[in-house]
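Here the protein sequences come in this chain order: A and B.
Going by the numbering used here, the first sequence opens with residue 23, and the numbers climb by one from there.
Going by the numbering used here, the second sequence opens with residue 2, and the numbers climb by one from there.
A hint or two may mislead.
Calculated pairs, SDA-like style, for lysine to any residue (alpha carbon to alpha carbon, straight line, at most 20 Å) [said to hold, decoys possible]:
{"no.": "1", "chain 1": "B", "residue 1": "K368", "chain 2": "B", "residue 2": "G400"}
{"no.": "2", "chain 1": "B", "residue 1": "K321", "chain 2": "A", "residue 2": "P39"}
{"no.": "3", "chain 1": "B", "residue 1": "K48", "chain 2": "B", "residue 2": "E90"}
{"no.": "4", "chain 1": "B", "residue 1": "K48", "chain 2": "A", "residue 2": "L205"}
{"no.": "5", "chain 1": "B", "residue 1": "K164", "chain 2": "A", "residue 2": "P39"}
{"no.": "6", "chain 1": "B", "residue 1": "K164", "chain 2": "A", "residue 2": "E192"}
{"no.": "7", "chain 1": "A", "residue 1": "K216", "chain 2": "B", "residue 2": "K321"}
{"no.": "8", "chain 1": "B", "residue 1": "K10", "chain 2": "A", "residue 2": "S219"}
If you're looking for bench data, these hints aren't it; they were derived computationally from the structure.
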Amino acid sequence: MSITKFQTIESTAVPLPIENVDTDQIIPARFLKATTRDGFGENLFRDWRFDKTGRPIEDFVLNRKIYSGSILVAGKNFGSGSSREHAAWAIFDYGFKVVVSSFFADIFKNNALNNGLLPVQVPESFLSTLFRALEQDAATLIRVDLEKQDITLAASGQSESFDINPYKKECLLHGYDDIDFLLSIKDKIIQFEKSRS
Amino acid sequence: MAGKTLFDKIWDQHVVEEIKGGPSVLYIDRHLVHEVTSPQAFSGIEKRGIRLFRPEKTVATPDHNVPTQDQHLSIRDELSRFQVNKLTENCKKHGVTLYGLNHPYHGIVHVIGPELGLTQPGLTMVCGDSHTSTHGALGTVAFGIGTSEVEMVLATQCILQPKPRKMRITVDGKLSTGVTAKDVVLYIISKISASGGTGYFIEYAGSAIRSLSMEGRMTICNMSIESGARGGLIAPDETTFEYLKGREFTPAGADFDRAVERWRLLKSDNDAVFDKELHFNAADIEPMITYGTNPGMGAKIKDRIPALEEIDPAARESFKKSLAYMDFEAGSPIAGRKVDYIFVGSCTNGRMEDLREVAGFVRGKQKAAHVTAWIVPGSKQVEEQAHREGITAILEAAGFKLRQPGCSACLAMNDDKVPEGMLAVATSNRNFEGRQGPGSRTMLASPLTAAAAAVTGKVTDPRTLL
Chain A
23 MSITKFQTIE STAVPLPIEN VDTDQIIPAR FLKATTRDGF GENLFRDWRF
73 DKTGRPIEDF VLNRKIYSGS ILVAGKNFGS GSSREHAAWA IFDYGFKVVV
123 SSFFADIFKN NALNNGLLPV QVPESFLSTL FRALEQDAAT LIRVDLEKQD
173 ITLAASGQSE SFDINPYKKE CLLHGYDDID FLLSIKDKII QFEKSRS
Chain B
2 MAGKTLFDKI WDQHVVEEIK GGPSVLYIDR HLVHEVTSPQ AFSGIEKRGI
52 RLFRPEKTVA TPDHNVPTQD QHLSIRDELS RFQVNKLTEN CKKHGVTLYG
102 LNHPYHGIVH VIGPELGLTQ PGLTMVCGDS HTSTHGALGT VAFGIGTSEV
152 EMVLATQCIL QPKPRKMRIT VDGKLSTGVT AKDVVLYIIS KISASGGTGY
202 FIEYAGSAIR SLSMEGRMTI CNMSIESGAR GGLIAPDETT FEYLKGREFT
252 PAGADFDRAV ERWRLLKSDN DAVFDKELHF NAADIEPMIT YGTNPGMGAK
302 IKDRIPALEE IDPAARESFK KSLAYMDFEA GSPIAGRKVD YIFVGSCTNG
352 RMEDLREVAG FVRGKQKAAH VTAWIVPGSK QVEEQAHREG ITAILEAAGF
402 KLRQPGCSAC LAMNDDKVPE GMLAVATSNR NFEGRQGPGS RTMLASPLTA
452 AAAAVTGKVT DPRTLL
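Kindly generate the complete structure, drawing on both the sequences and the hints.
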């Protein structure tokens, strides 16, 4: 099996300049009762996006027509809270391929990488630059190149590099799946078990 | 060469292989499973056409969705019932031990692990739930994982994990009366913030930590994830061995003595080097409560909410948003606010000691008339023992009712929801927006502080009533 390959993306972006966006906001607990991985995008940021009657809340960024694209730019400490992978599924299912922040929660980062969603961690100053650019012009294009590990504001050429674990980079570039890898070394795992007993 | 930390010792013993430039292949000794994060993992291995690799190392229980009343009846909520039934089917099909509803061992996954002796020093444990960090209290490397990783463990008993950095938090001194483990951990998180532990695995040390009971230590490790850390860990000692002795899955007789000999070696070497060290004084810690919408936004009950000027300029927008949600004013006193709900329970504070603490406090007192109080045991065994010890009777005399075990209002996936706009003092671990139901407002605190709020009907320093 495989995950979706990721190489380069050039897209407009959606700014969410809020810190500590936790997994309960990304996908509230009441939507975790599904037993498949599909359809979580519908309820992404449910309680920020819709009022009690289900009407879109106009000033929430996902409802502002001027913003769209496959890149979500968010404040510091994104994805804190639960280990629920549903958060990564919801973001991906909605159509985002990249989340940019100055800081990610660990489990969220792992979950994202395991599902073909690329977390791009940038310095605080570059994050501010992105927010400013998006505020001034919602049509701002951002390019994310996984091979080169950089993120660039297309118009100005301002660029910043980002880190990614080399193994995870290979997996994303080629759409490899961790479980296939683990299954391929099953003999070693059995050997390891024997050595401990 | 510098010595090894406790974390390194356990981790290194479980590495099957290091991937060059990548994560380690880490062997997992025990895998705990619940109904919310497992169905997609079970269907994943079925799609691959493979069987569970080591079903005997996996134990399952439904906890997030279960009702806390009338558990002998079928679950009313259709989706919850479906999810719980799915777990039952998956366990049956794949040969996994399940402690289902009404089983004597049923309960919150992180309460039953230690209680049954499934959690033991030196093991690696995972579960598709961030509060797996709880088990670290027994000297176990335990952490929460996502569903893809649950599938990895089902398929191979291993996961791919980058090794976290190590932090040691030392709390020395003696805790004052009325100050509990929950206050210690809320204090630590208020000092280091909800992201201060990110990237680290924390070892807790120092005389104040040593003096805590096993259950208090679980509360501390449980909340490690709320500082962003992958997990928390406390070196096993006599308290740990005493706690484990005679439990269902703990080795017995001579095997137990041999296990204790091994467990005694599990501690950080004197010359071990941590990536980060923090020190706190027990004497500085007082009863704590949160006022915002993440667990790092906490303060002493007697204090005020910080004024806007006291907040780092970069964080002011988030601070304002948080207070607007809570309907609180910057700079206002924390104590004295009217409370609508109290919730004592969850994997943070749903254990025997927590129930005893509440019962001891409310004995001879009455709950305020306007307060709805939910007291939810963490497991069937806790529930039974509460009946045996007369705790149920004490609670009832004070106007409370002991419910049945489950995660309950900690994340409100069952019917236990705090209504919109209502204010709850909760012993659970998260105060995120809508955590206890859409529009609900949560202040996190210790069982003692929750009990004081129930009795007075407002946020109260429990020491004023001791």
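Each hint, compared with the structure:
1. K368(B) - G400(B): Given that 20 Å is the threshold and the Cα spacing comes to 6 Å, the pair holds.
2. K321(B) - P39(A): 13 Å, holds
3. K48(B) - E90(B): 16 Å, holds
4. K48(B) - L205(A): 14 Å, holds
5. K164(B) - P39(A): 30 Å, violated
6. K164(B) - E192(A): Distance of about 19 Å is within 20 Å: holds.
7. K216(A) - K321(B): Given pair K216(A), K321(B) is violated - Cα atoms ~57 Å apart, limit 20 Å.
8. K10(B) - S219(A): 18 Å, holds
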